[in-house]
Structures are given as C-alpha cells and as structure tokens.
Amino acid sequence: MRVAEAWRVALDALRANRMRSALTMLGVIIGVASVVLLVAIGTGTKQKVEQQVEGLGSNLLLVVPGKLDVGTAPVVSPLDLKDVDAVSRVVGDPGRVAVTIASGATARAGARSDFTTVQGVLETTPTVFTRSLARGRYLTGADVDTSRRVAVLGASVARALFPDRDPLGQQVTLAGVRFRVIGVFNPLGQSLGVDRDDEVHIPVTAAQRLWGTQRIDGIAVKAPDRERIDQLGERIVAELSRRHPDTEFSAVTQQQILGVLGDILGVLTGVLAAIAGISLLVGGVGVSNIMLVSVRERTREIGLRKAVGARPRDIGVQFLLEAVLLTSIGGLTGMALGVGTALLVDAVSPIPAAITWWSLALAFGVSAAVGIVFGVVPAQRAGRLDPVVALRAE
Amino acid sequence: MTVAAIEAVDVSRTYELDGVSVPALRGVSLTIAQGEYVAVIGPSGSGKSTLMHLLGGLDRPTGGRLVIGGRDVATLTAPELATLRNETIGFVFQAFHLLPRTSAVDNVALPLVYRGVGARQRRERAAAMLGRVGLGHRLTHRPNQLSGGEQQRVAIARALVTDPAVLLADEPTGNLDSATGEAVLELLERLNAESGVALVMVTHDPEVAVRARRRIAVRDGLIRSDTVHDRPLSGGDGRPETLDTAPSAEPRSASGSGPGHPSGGSGGATGATGRLPRTGGTGAQAAPGGAG
Chain A
3 MRVAEAWRVA
13 LDALRANRMR
23 SALTMLGVII
33 GVASVVLLVA
43 IGTGTKQKVE
53 QQVEGLGSNL
63 LLVVPGKLDV
73 GTAPVVSPLD
83 LKDVDAVSRV
93 VGDPGRVAVT
103 IASGATARAG
113 ARSDFTTVQG
123 VLETTPTVFT
133 RSLARGRYLT
143 GADVDTSRRV
153 AVLGASVARA
163 LFPDRDPLGQ
173 QVTLAGVRFR
183 VIGVFNPLGQ
193 SLGVDRDDEV
203 HIPVTAAQRL
213 WGTQRIDGIA
223 VKAPDRERID
233 QLGERIVAEL
243 SRRHPDTEFS
253 AVTQQQILGV
263 LGDILGVLTG
273 VLAAIAGISL
283 LVGGVGVSNI
293 MLVSVRERTR
303 EIGLRKAVGA
313 RPRDIGVQFL
323 LEAVLLTSIG
333 GLTGMALGVG
343 TALLVDAVSP
353 IPAAITWWSL
363 ALAFGVSAAV
373 GIVFGVVPAQ
383 RAGRLDPVVA
393 LRAE
Chain B
2 MTVAAIEAVD
12 VSRTYELDGV
22 SVPALRGVSL
32 TIAQGEYVAV
42 IGPSGSGKST
52 LMHLLGGLDR
62 PTGGRLVIGG
72 RDVATLTAPE
82 LATLRNETIG
92 FVFQAFHLLP
102 RTSAVDNVAL
112 PLVYRGVGAR
122 QRRERAAAML
132 GRVGLGHRLT
142 HRPNQLSGGE
152 QQRVAIARAL
162 VTDPAVLLAD
172 EPTGNLDSAT
182 GEAVLELLER
192 LNAESGVALV
202 MVTHDPEVAV
212 RARRRIAVRD
222 GLIRSDTVHD
232 RPLSGGDGRP
242 ETLDTAPSAE
252 PRSASGSGPG
262 HPSGGSGGAT
272 GATGRLPRTG
282 GTGAQAAPGG
292 AG
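As you go down the protein sequences, you meet chains A and B in turn.
Just so we're aligned, residue 3 is where the first sequence starts under this note's numbering, counting upward by one.
Just so we're aligned, residue 2 is where the second sequence starts under this note's numbering, counting upward by one.
The hints are simulated quantities; they were obtained by calculation from the structure and are not laboratory data.
Model, not experiment: these values are computed from the prediction.
Among the clues, some could well be false.
[Stated by the list, open to error] Heads up, incomplete: computed chain B residues facing chain A, CB under 8 Å, no partners named:
id : residue
1  : Leu59
2  : Arg61
3  : Arg86
4  : His98
5  : Arg215
[Unchecked claim] Taking CB as the label site, the calculated pair distances span:
id : chain 1 : residue 1 : chain 2 : residue 2 : range
6  : B       : Gly132    : A       : Arg298    : 42 to 48 Å
7  : B       : Thr141    : A       : Val391    : 39 to 45 Å
8  : B       : Arg214    : A       : Arg394    : 42 to 48 Å
9  : B       : Pro44     : A       : Ala24     : 27 to 33 Å
10 : A       : Trp9      : B       : Ser22     : 43 to 49 Å
[Claimed, not checked] Listed next, the stretches of chain A that the computed footprint assigns to chain B, with coverage defined by at least 3 CB atoms under 8 Å from CB atoms of chain B:
id : region
11 : 296–306
12 : 313–323
13 : 380–393
Even glycine gets a Cβ: it sits at the ideal position worked out from N, Cα and C.
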C-alpha cells in the first residue's frame with residue numbers, strides 16, 4: 003500500500019470518530035501546550051533576568067569579601083574607604099570605582115513613612131551602574147567629602163513618601179536623621195521579585211556616620227574593557243588580600259553572575275518542562291488505549307483488508323499512522339494553544355514568557371514520537387490478527 | 002482446463018483449544034479447475050468454512066499439501082500469502098463485509114490498493130466492475146444507502162476487480178431474501194460463465210447447491226461426496242457421474258451412507274435433482290440427513 007493511501011485511510015478513521023479522536027487528542031494538546039507554555043515562561047524569566055543583570059552596566063566587576071557561592075555564609079566586611087583608594091589606584095581611575103554600604107531603614111516624611119534600603123554610595127555610582135535621574139541631581143564629590151545629609155530617592159520611595167507633591171527640596175528622616183532630597187531616580191522595575199526602586203542613596207560618609215561604622219560592604223568597578231576584566235579582578239583581589247590577609251575576597255563579573263543565574267533558571271525550566279512532559283506522557287497512554295480500542299472495534303475491517311490482500315505490514319502501518327496522526331494533530335494544536343497562552347500571559351501578567359523555536363520543535367517532535375511509541379503495540383496487534391478470526395468478530 | 006486453480010491433497014486442519022486438539026478437517030483432497038462451478042455443501046460444524054478459509058489462503062493446513070495458483074502455501078510467508086490472496090482469490094461473504102463509511106466504488110477498489118494500483122486507475126476499474134454487476138449508477142453510494150442485494154453486488158464486484166482465478170462465496174445469499182438471493186446467484190453464475198473465474202460456493206442450503214454442476218458434500222471434516230452433474234436447471238436427464246473422492250474420504254463415505262441411505266448419498270441426491278430443482282433440493286437434504 004502506498005504511503006499517501008495509508009495517510010488517507012488513517013485520516014478517514016479519525017474523522018469517522020470525531021468526538022473520540024478529539025478527546026484523545028486533548029491529552030496530547032494539554033501536554034504539548036503546557037510544555038510550550040512552561041518552557042516559554044522559564045525562557046522569558048531567564049531573558050528578563052539577563053537583561054536586568056546586563057542593564058546594571060557593562061563590564062562590571064563586583065568585589066566582595068568571602069566567596070560568592072550558593073550556600074556560603076556571609077562574611078563581615080573588613081573593607082573601609084582606604085581600601086577603596088587602594089582599589090582606585092589599581093584600577094587607575096577613581097571614577098570607575100563605586101562602593102556600597104546598605105541597611106534597611108525607615109524613611110519618614112511628615113506623617114508618611116516607608117521601610118526601604120538605604121545605600122551609602124560614592125558620587126561615581128551612576129557612571130559605574132546604569133542609573134538615570136528623573137528629577138534633580140545626583141550626589142557630588144563634595145557631598146561625599148563633607149558627609150552632606152542629602153538623599154536621592156528611588157521611584158517607589160518617592161511615590162510612597164510624596165504622593166502628591168514634588169519631593170525635591172523636601173526633608174526625609176532616615177534612622178532619625180534629617181536628609182534633604184536632591185534627586186529622584188527613573189523607575190527600574192522589579193528584578194527577581196525585588197523592587198529595585200525601593201532604595202535611597204546617601205553619601206557613603208554620611209551613611210557611615212549614621213550607623214557608626216568605618217566599614218563598607220563591597221566595591222564595584224567598571225572595567226575599561228571586557229578582555230582584561232578577569233585580569234583586573236585578580237589584581238584587585240590580590241591587593242585586598244595583601245591588605246587583609248585574614249579575609250578571602252571574590253571578584254565576580256556579570257558573566258559569572260549570569261552563569262550562576264542561568265544555571266538556576268535552566269534547572270527551573272527543566273523541572274517545569276519535565277512536569278509538563280509527564281502530562282504529555284499521560285496523553286500518550288490515552289492514545290495507546292484508544293488505539294487498542296480502535297483495533298478491537300475494527301477487527302472485521304482488518305480481517306477484510308487482509309482477505310483482499312493487505313499484508314501484516316500494511317495493516318500495522320495503517321494503525322501506526324493513525325496514532326501518529328492523532329498525536330501530530332494534537333501536537334500542532336497544543337503548540338498553537340501553548341504559544342497563544344504564552345503570548346497572553348506575557349501581555350497581561352507580570353510573568354514574562356518568550357517562545358523559542360527549539361521548544362516548539364521539541365514539543366512537536368515528542369508528540370509525534372509519543373504517537374509512534376504508543377502506537378506500535380496496537381499496530382503490531384492489528385497486523386498480527388488472524389484473518390479468519392478477525393472476519394468472524396462481531 | 003489443464004492447470005488446476007487450487008489443488009488440495011490430503012489436507013487437514015486441527016485447532017488447538019486450551020491444549021485440546023480439535024480436528025476441523027481430517028484429510029481432504031480436491032482439485033478446483035479453472036472456470037469450474039462448485040458448490041460445497043454441509044451443515045454447520047461440518048468443516049466447510051474451514052475448507053473455504055484454506056482454499057482462499059486465509060488459513061494454512063496443519064497437514065497435507067495445498068497449492069493455490071500454482072504455489073504451495075506451506076512455502077509462503079504471511080506477506081506472500083497475502084499477495085497470493087490478492088492476485089488469485091476473490092471473496093464474497095455472507096455478511097458482505099463492506100467498509101461502512103466508504104463509497105461503493107472505493108469499496109470495490111480496495112483490493113487494488115494493496116496491489117499498488119494508482120488512485121485514478123483503481124476508480125476506473127472499480128467503476129467498470131460495478132457496471133458489470135449492474136450498479137453503474139450507485140458508484141458514490143455508501144453501504145447504508147444500498148439494499149442488501151446491492152451491497153452483495155458491491156462485494157462481488159470487489160471480489161472480481163482483481164480478475165482472480167477463483168471466486169470463493171461463503172453463503173452469499175444467507176443474509177438475503179429469496180428473490181434477491183436468486184438475483185445474486187444468477188449474477189455469480191453469469192460472471193462465472195462470462196469471465197471464466199472458477200466459482201466455489203459454500204452453502205448449507207441444498208436449493209442453492211443444486212445449481213452447481215459439481216457438488217462437494219462435507220461432513221465431520223471429510224469430503225463425503227464429490228459429484229458432477231449436468232446443468233440441473235437446464236432440465237437434462239441428469240445422469241450422475243460420480244467422481245473419485247479423496248482416498249481418505251472413501252471409507253468414510255461408504256460407512257456414512259449406511260443408515261437410511263442404501264444407494265449411497267451421491268446417487269440419491271443427484272437422482273432427485275435430475276427431475277426437478279425443488280424436489281432435488283429435498284433429495285439433497287436427505288443425503289446429509291442420512292449421514293447424520
């Protein structure tokens with residue numbers, strides 16, 4: 003029997019039992035759609051995180067005490083501003099070095115208050131990280147040198163404290179000390195569930211005085227070029243280790259952060275896809291079941307086809323194609339449904355979703371393969387039927 | 002008619018049911034010549050269906066030699082046997098066995114699908130064959146839109162579309178009323194006469210069997226008699242010519258003819274058919290009845 007003929011016969015058989023074919027396909031449709039959707043969400047999340055990490059600024063090098071590794075206990079920082087000067091000398095340009103000392107604090111303005119993250123920083127922060135101002139100005143070198151009590155507010159802090167008036171020139175109280183608002187950041191949005199606009203920048207010197215410490219938490223360096231970024235990191239770590247022999251330091255690049263995050267999100271996407279794959283498997287079992295019913299129901303037809311000259315192979319191919327057709331049509335429908343749902347989720351919810359060609363190809367390939375795997379047994383059974391017995395079947 | 006269409010030598014078929022051997026055929030020898038018209042008659046359970054399945058290559062004998070279209074079925078693989086069926090045998094069943102959601106012309110074309118004939122040629126040949134059975138105006142009708150007689154004509158067209166050497170009809174009128182059955186029988190006989198296809202008709206109905214020139218009576222897995230008659234419907238004198246039955250059938254035939262049948266089964270049956278078809282029917286009925 004020719005292949006085109008076998009396809010036509012298989013299609014006819016599916017058409018003859020529309021309701022049953024549709025319900026059987028539903029299992030495959032749901033399976034494929036969930037694979038496509040969940041992989042899209044995983045991929046979308048990964049892409050968004052990557053964008054955000056890259057959006058921090060280019061060629062960033064973060065220097066922190068301790069090892070940057072999952073599950074490592076945080077280390078008390080021995081760093082102070084003299085170390086920052088040393089790092090600046092290694093880098094050769096103080097304008098490329100930023101610092102931070104951060105702590106949670108309640109910010110008050112009049113009757114309103116907002117618990118936020120207060121960061122003590124240098125005036126270099128907007129150049130090292132990519133930050134832009136909506137209003138006013140950022141901290142200056144003079145502000146830092148004189149520990150001036152001025153503050154730049156993140157977008158959500160500004161909204162919380164000054165919902166109905168211009169924050170510029172207003173007073174905010176941080177840990178009981180008054181600061182004057184000199185600027186407001188442009189909004190950055192969420193990143194990994196953290197509101198990146200929920201922060202207040204003040205001069206690092208003012209922050210140290212506020213919390214009664216000489217320490218800083220970490221140093222960020224904007225490397226001059228990408229090629230020598232690792233080498234620069236090693237030199238900075240060497241200098242800091244010389245100054246603090248008892249402490250281990252780490253210098254991590256965005257690429258390393260992306261690598262770690264990518265691994266975590268990759269595992270997450272894999273787990274999601276595997277769970278969706280289980281439903282695809284269940285759909286496949288449904289296909290197998292229906293094909294067995296179909297073989298039994300059409301035993302007489304099989305007997306007749308054999309009587310008029312169908313070889314066992316012809317019958318087997320016919321039923322195998324029927325199963326593959328069932329899962330392929332289900333797979334295509336599931337793909338359409340999955341893509342549609344993913345686009346909808348991406349458009350109307352905060353969950354990002356990105357369609358990737360490989361996930362579509364995989365989902366379709368797997369559904370067709372499910373048809374083959376779960377169609378083989380019923381098809382073999384049909385092919386091996388004894389024509390005499392089959393013709394006598396009710 | 003020098004080359005036999007089907008040749009069976011001491012063929013037996015035993016089924017294994019839960020470890021118990023049940024013999025359905027116990028050594029049958031017969032030859033179906035080209036263009037012959039043969040009726041195989043016997044009550045249900047006699048082995049005539051098994052014989053038909055063997056003659057049609059649907060089943061294989063467990064003993065003896067069976068040659069269909071010049072090929073020994075014992076030497077053939079399952080696909081080769083399927084191809085042999087496709088090329089040599091046409092089947093007509095009591096229950097028609099048409100594909101329900103398929104048009105008449107596509108039902109008829111089905112055997113050509115497995116022969117690898119292209120779609121257009123298939124339809125042309127199937128349509129021509131439907132024309133020969135008088136259904137040229139019913140090409141696109143589905144089985145449920147056709148009467149029983151028309152459905153059986155479609156099945157006959159399907160059996161003959163491959164131009165087989167042998168047409169095996171298993172109770173072809175069993176599901177039809179007598180008038181429709183008569184028309185179907187006449188069609189089968191006409192096609193047998195016209196195209197030279199051998200017609201082997203399995204039936205339990207003596208009235209049907211007496212129409213055939215040669216009649217083979219099967220009982221208890223053996224050929225009880227194998228006789229050739231002049232055309233019974235032509236009203237000839239009907240002097241019987243008893244053929245040699247299979248050696249294994251011979252003593253069986255002799256012993257079976259004892260009770261209530263002193264003159265021998267074949268002689269009694271054919272003596273009646275020579276005069277009138279109706280009374281011949283009762284005569285033929287007496288033969289198997291006597292053997293039981």
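Going through the hints against the structure:
| no. | hint | verdict |
| --- | --- | --- |
| 1 | Leu59 | 5 Å, holds |
| 2 | Arg61 | 10 Å, violated |
| 3 | Arg86 | 5 Å, holds |
| 4 | His98 | 5 Å, holds |
| 5 | Arg215 | 24 Å, violated |
| 6 | B:Gly132 / A:Arg298: 42 to 48 Å | 37 Å, violated |
| 7 | B:Thr141 / A:Val391: 39 to 45 Å | 33 Å, violated |
| 8 | B:Arg214 / A:Arg394: 42 to 48 Å | 30 Å, violated |
| 9 | B:Pro44 / A:Ala24: 27 to 33 Å | 48 Å, violated |
| 10 | A:Trp9 / B:Ser22: 43 to 49 Å | 44 Å, holds |
| 11 | 296–306 | holds (count 4) |
| 12 | 313–323 | holds (count 4) |
| 13 | 380–393 | holds (count 4) |
Going through the hint list in order, the structure does not satisfy hints 2, 5, 6, 7, 8 and 9.
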